[in-house]
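Undergrad: Since the structure of chain A is provided, determine the placement of chain B with the ligand on it from the hints.
The lines below spell out each chain.
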Amino acid sequence: MSAVLVFFESLSEQLTTSQQELLTLAGTLGDVHVVTGTEGAAAAEVVTVQSVESVYSGETEILAPDPALVDLLETAVQETSASVILSPDTADATDALARLAVRLDTGIITDAVGIDAQRRVTKSVLAGSYTTTAQVDEGRPLVATVKPNSVQASIVAGHPPEVVSLPVGPSLTADGAANGGVEVLERTPLEASERPALTEARVVVAGGRGVDGNFGPLEELADELGAAVGASRAATDAGWIDHAAQVGQTGVTVSPQLYVSAGISGAIQQRAGMQTAQTIVAINKDEDAPVFEIADFGVVGDLFEVVPQIVEELRRRKA
Amino acid sequence: MPESAAGTPLHIITLVKWVPDSQLERRFTEERRIDRSEGILSELDEYPLEAALQIKEAADREVRVSALTVGPAGAATAAKKALQIGADDAFLLSDDSLVGADLAGTSTALAAAIEHVRADGDTDGEHLVITGMASEDGESGAVPAQLAERLGLNLVTQATALSLEEGRLVVTRASATEQQRLAAALPAVVSVTDQANDPRYPNFKAIMAAKKKPLTSWSLADVGLGAAAVASKATVLTTDARPPRTAGEIITDEGDAGLKIVEFLAKERVL
Ligand SMILES: Cc1cc2nc3c(=O)[nH]c(=O)nc-3n(C[C@H](O)[C@H](O)[C@H](O)COP(=O)(O)OP(=O)(O)OC[C@H]3O[C@@H](n4cnc5c(N)ncnc54)[C@H](O)[C@@H]3O)c2cc1C
Numbered sequence: 224m225s226a227v228l229v230f231f232e233s234l235s236e237q238l239t240t241s242q243q244e245l246l247t248l249a250g251t252l253g254d255v256h257v258v259t260g261t262e263g264a265a266a267a268e269v270v271t272v273q274s275v276e277s278v279y280s281g282e283t284e285i286l287a288p289d290p291a292l293v294d295l296l297e298t299a300v301q302e303t304s305a306s307v308i309l310s311p312d313t314a315d316a317t318d319a320l321a322r323l324a325v326r327l328d329t330g331i332i333t334d335a336v337g338i339d340a341q342r343r344v345t346k347s348v349l350a351g352s353y354t355t356t357a358q359v360d361e362g363r364p365l366v367a368t369v370k371p372n373s374v375q376a377s378i379v380a381g382h383p384p385e386v387v388s389l390p391v392g393p394s395l396t397a398d399g400a401a402n403g404g405v406e407v408l409e410r411t412p413l414e415a416s417e418r419p420a421l422t423e424a425r426v427v428v429a430g431g432r433g434v435d436g437n438f439g440p441l442e443e444l445a446d447e448l449g450a451a452v453g454a455s456r457a458a459t460d461a462g463w464i465d466h467a468a469q470v471g472q473t474g475v476t477v478s479p480q481l482y483v484s485a486g487i488s489g490a491i492q493q494r495a496g497m498q499t500a501q502t503i504v505a506i507n508k509d510e511d512a513p514v515f516e517i518a519d520f521g522v523v524g525d526l527f528e529v530v531p532q533i534v535e536e537l538r539r540r541k542a
Numbered sequence: 038m039p040e041s042a043a044g045t046p047l048h049i050i051t052l053v054k055w056v057p058d059s060q061l062e063r064r065f066t067e068e069r070r071i072d073r074s075e076g077i078l079s080e081l082d083e084y085p086l087e088a089a090l091q092i093k094e095a096a097d098r099e100v101r102v103s104a105l106t107v108g109p110a111g112a113a114t115a116a117k118k119a120l121q122i123g124a125d126d127a128f129l130l131s132d133d134s135l136v137g138a139d140l141a142g143t144s145t146a147l148a149a150a151i152e153h154v155r156a157d158g159d160t161d162g163e164h165l166v167i168t169g170m171a172s173e174d175g176e177s178g179a180v181p182a183q184l185a186e187r188l189g190l191n192l193v194t195q196a197t198a199l200s201l202e203e204g205r206l207v208v209t210r211a212s213a214t215e216q217q218r219l220a221a222a223l224p225a226v227v228s229v230t231d232q233a234n235d236p237r238y239p240n241f242k243a244i245m246a247a248k249k250k251p252l253t254s255w256s257l258a259d260v261g262l263g264a265a266a267v268a269s270k271a272t273v274l275t276t277d278a279r280p281p282r283t284a285g286e287i288i289t290d291e292g293d294a295g296l297k298i299v300e301f302l303a304k305e306r307v308l
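So the protein lines, in turn, are chains A and B. When you line the first sequence up against my numbering, it's residues 224 to 542, in that order. When you line the second sequence up against my numbering, it's residues 38 to 308, in that order.
Subject to a maximum C-alpha distance of 25 Å in a straight line, what follows is the list of computed SDA-like cross-link-like pairs (lysine to any residue):
{"no.": "1", "chain 1": "B", "residue 1": "304", "chain 2": "A", "residue 2": "535"}
{"no.": "2", "chain 1": "A", "residue 1": "541", "chain 2": "B", "residue 2": "305"}
{"no.": "3", "chain 1": "A", "residue 1": "508", "chain 2": "A", "residue 2": "534"}
{"no.": "4", "chain 1": "B", "residue 1": "304", "chain 2": "A", "residue 2": "423"}
{"no.": "5", "chain 1": "B", "residue 1": "250", "chain 2": "B", "residue 2": "46"}
Residues on chain B that point at chain A, a partial pick, calculated with CB under 10 Å:
{"no.": "6", "residue": "59"}
{"no.": "7", "residue": "141"}
{"no.": "8", "residue": "218"}
{"no.": "9", "residue": "272"}
{"no.": "10", "residue": "282"}
Just so you know, the hints here were simulated from the structure itself, not pulled from any lab data. No experiment lies behind these values; they were computed from the predicted model shown. Note that CB positions come from ideal geometry on N, CA and C, so glycine has one too.
Isolated chain A, as found in the complex:
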């Protein structure tokens, strides 16, 4: 079987759902090897999963956006002779894989939602209006980033994978910029939310300019539904909610089972990030709002009346 290399820029104590999905997809394509910036033994503990044979890492931890991650990847490709190299579609992983593709003189396909045994890659393009398949030329390795929610995660605990330490160390140094390179001046962790991650959530409740600074009712609804909270750019630009919550062309793309859109007009850039949701419910005061063109169920009304009533009814049914 051919080797598939999966790149996780870093691993925390547990695999996220999308990391599990990626390992599941990789398992359908060949023998799976993981390469990561996280230190080897710690990484191996996290990916003790049946399909994973080995974990490749550097001599010490290597943190994105360190270009040493590309050296690590390149060395791991040589070691495994991998014909498929996959990563999540984060910015840092895309940067690393894009560079790797140049070094391997091969093609890269980003934002895949599926890859079959013939290495045909499916993706959704032009704001979700087309589905395309593409293939990297035969004889060249396939390099691809994969979107969350594309495959059903199904992994089984296994033996700890073999840990292989490669002779690569971090290259970002404290005086990097003075020596002609790049230097990290400051790292601030983004606040982790108690709610499910936006890109992985089964349900997303999103608010726009219509919430007028008050996400309270939407957060209550999200709590009832076990949902993540999303937002339009108008709401993130206004500073009512963190930019990380932005759904759309320049925010995140979500494909949940249910997307509740409240006080969002539904501009094309917003729709680009949510119109592959299975079911869309929209609440908007304006009956001409474009979001109603794609909603499965739409309510012309005031979100401050409608949303609390949904919450109340859900609580009543639960009681």
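TA: For chain B with the ligand alone, kept in the frame of chain A given last:
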């Protein structure tokens, strides 16, 4: 500011792309290529232009801002728009061999064009390449990293704020889990998001002034490449239009819309 940086001219090359207008219907042709018969300057490329102009306006050294685009002949309109917004000069690389180019082909062509612009009479200056976060049609965001790799330049992507401080580029960016502040020595490639600034609109005076600014057109051979160098490594096999989403039931709230939504969710089994 170190002596070297203060006196050295800076040349900022901003990459701009001519793309189908996302407000209109976009489609693939029978050859499985995006229909590029009409287009606009990608909105996402107004942010790098603005970033370049702000750096120029804040600098106490000579700064030249060039706009560079690779695309069909029509892409000249994107280059002209960039001149109206404020670029000093513009370059258009256009060649039949580039039709339908993939990421590898596009970044190879751009890299050669950038080297050509850099060699274009200002070898003594410092260089900075600024790009948008992604193209509005391909949306991969992979070109900046491929350029940095091909040109051997420093790379910082997804900048939400950037400035030149003491001759180096200081950038704020967000990764999946943290916010970072980075410093990069020039020459560098930096991609900027739509969070980075508020792009300006060209006024009448700027539109008139743009008519006098130079726009240079190149073929692949002009930048020293043959067709084989930009051959695609990935091929599009199929393009299927998704059935457009159709509107479902729309009701007007009569005091019970919340209940109706819950009924709908229960019926759809999404609760
Ligand atoms: C390059 C570029 C990238 C962009 N990227 C994104 C992106 O990633 N994501 C994104 O969302 N946008 C993006 N945009 C912006 C996008 O074009 C829209 O401007 C934005 O989505 C509008 O947000 P909104 O619908 O919340 O606000 P508006 O368009 O102002 O709509 C607010 C809506 O709320 C309704 N409303 C008001 N009060 C209430 C109430 N009490 N109850 C119910 N309804 C009410 C109004 O009827 C209105 O329809 C981008 C734009 C550009 C140019």
